[in-house]
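In terms of the working numbering, the sequence shown opens at residue 1 and continues consecutively.
Treat the hints with care, as some may be off.
[What the hints assert, rightly or not] Each computed DSS-like pair below joins lysine-lysine, with the alpha-carbon atoms no more than 30 Å apart:
id	residue 1	residue 2
1	Lys86	Lys74
2	Lys86	Lys48
3	Lys52	Lys64
4	Lys25	Lys86
5	Lys76	Lys86
6	Lys48	Lys67
7	Lys5	Lys64
8	Lys64	Lys76
9	Lys68	Lys5
[Said to hold, decoys possible] Here are the in silico distance ranges between beta carbons for each label pair:
id	residue 1	residue 2	range
10	Arg13	Arg75	31 to 39 Å
11	Phe55	Leu96	55 to 63 Å
12	Tyr60	Lys86	21 to 29 Å
13	Arg51	Arg78	16 to 24 Å
14	Val3	Gln39	14 to 22 Å
15	Leu89	Lys64	12 to 20 Å
16	Leu101	Tyr28	56 to 64 Å
17	Arg51	Asn4	37 to 45 Å
These are calculated hints, taken from the structure and not from any lab test.
Quick caveat, the model's predicted, so the values are computed rather than measured.
The beta-carbon is built from N, C-alpha and C at its ideal position, and this holds for glycine as well.
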Amino acid sequence: MQVNKNSYYEWCRPSDRLIDSQTWKLCYRLNALLVESRQSLGSRRLMKLLRKEGFEIGRYRVRKLMKKLGLAVKRKKRFTLTTNSKHHLPVAENLLNRDFLRSTKNQV
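With the sequences and hints as input, model every part of the structure.
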């Protein structure tokens, strides 16, 4: 029988597709925690929560499983300033002068 050397060693190597029941539970719980947190927890916090639940897992394994499952953290959008105060246009006069209490409605 003629088999390529690389193919033989590939066949001998343990497959990533075979996952034990403990890893299935871990993946299920990892996904559930990420959904509960609205995809805001990273690998460090997920590791701490999983350890509290009794899983023996490290940060890099959590990160590897997240990558394998296609789970990612939603990042916060950067705060954008909407007011441009650095202009040379005329500014409206302050009629109320922070005195918002008036005796009648719709009058300044």
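So, going through the hints one by one against the coordinates:
1. With a C-alpha separation of about 33 Å, the suggested pair Lys86 and Lys74 falls outside the 30 Å cut-off, and the hint is violated.
2. Distance hint between Lys86 and Lys48 is unfulfilled; the C-alpha atoms sit about 46 Å from each other, more than 30 Å.
3. At most 30 Å may separate the alpha-carbon atoms for a hinted pair to count; Lys52 and Lys64 meet this at roughly 20 Å.
4. Under the criterion of a C-alpha separation no larger than 30 Å, the hint pairing Lys25 with Lys86 is inconsistent with the structure, at around 56 Å.
5. Between the alpha carbons of Lys76 and Lys86 the distance comes to roughly 27 Å, so the proposed pair stays at or under 30 Å and holds.
6. Restraint check: the Cα-Cα separation between Lys48 and Lys67 comes to about 18 Å, which is no more than 30 Å; the hinted pair holds.
7. A distance of roughly 29 Å separates the Cα atoms of Lys5 and Lys64; the hinted pair therefore holds under the 30 Å criterion.
8. At most 30 Å may separate the alpha-carbon atoms for a hinted pair to count; Lys64 and Lys76 meet this at roughly 22 Å.
9. At most 30 Å may separate the alpha-carbon atoms for a hinted pair to count; Lys68 and Lys5 meet this at roughly 28 Å.
10. As the Cβ distance of Arg13 to Arg75 is approximately 36 Å, the hint placing it in 31 to 39 Å holds.
11. The hint said 55 to 63 Å for the Cβ distance between Phe55 and Leu96, and at roughly 59 Å that hint holds.
12. The hinted window of 21 to 29 Å between Tyr60 and Lys86 is violated, with their beta carbons roughly 46 Å apart.
13. Restraint check, Arg51 to Arg78: a C-beta distance of roughly 32 Å breaks the suggested window 16 to 24 Å.
14. The hint said 14 to 22 Å for the Cβ distance between Val3 and Gln39, and at roughly 45 Å that hint is violated.
15. At roughly 55 Å, the beta carbons of Leu89 and Lys64 sit outside the given window of 12 to 20 Å.
16. Distance hint check: the CB atoms of Leu101 and Tyr28 are about 58 Å apart, consistent with the given range 56 to 64 Å.
17. In this structure the supplied range 37 to 45 Å holds for Arg51 paired with Asn4, their Cβ-Cβ distance being about 43 Å.
In this structure, the hints that do not hold are numbers 1, 2, 4, 12, 13, 14 and 15, in rising order.
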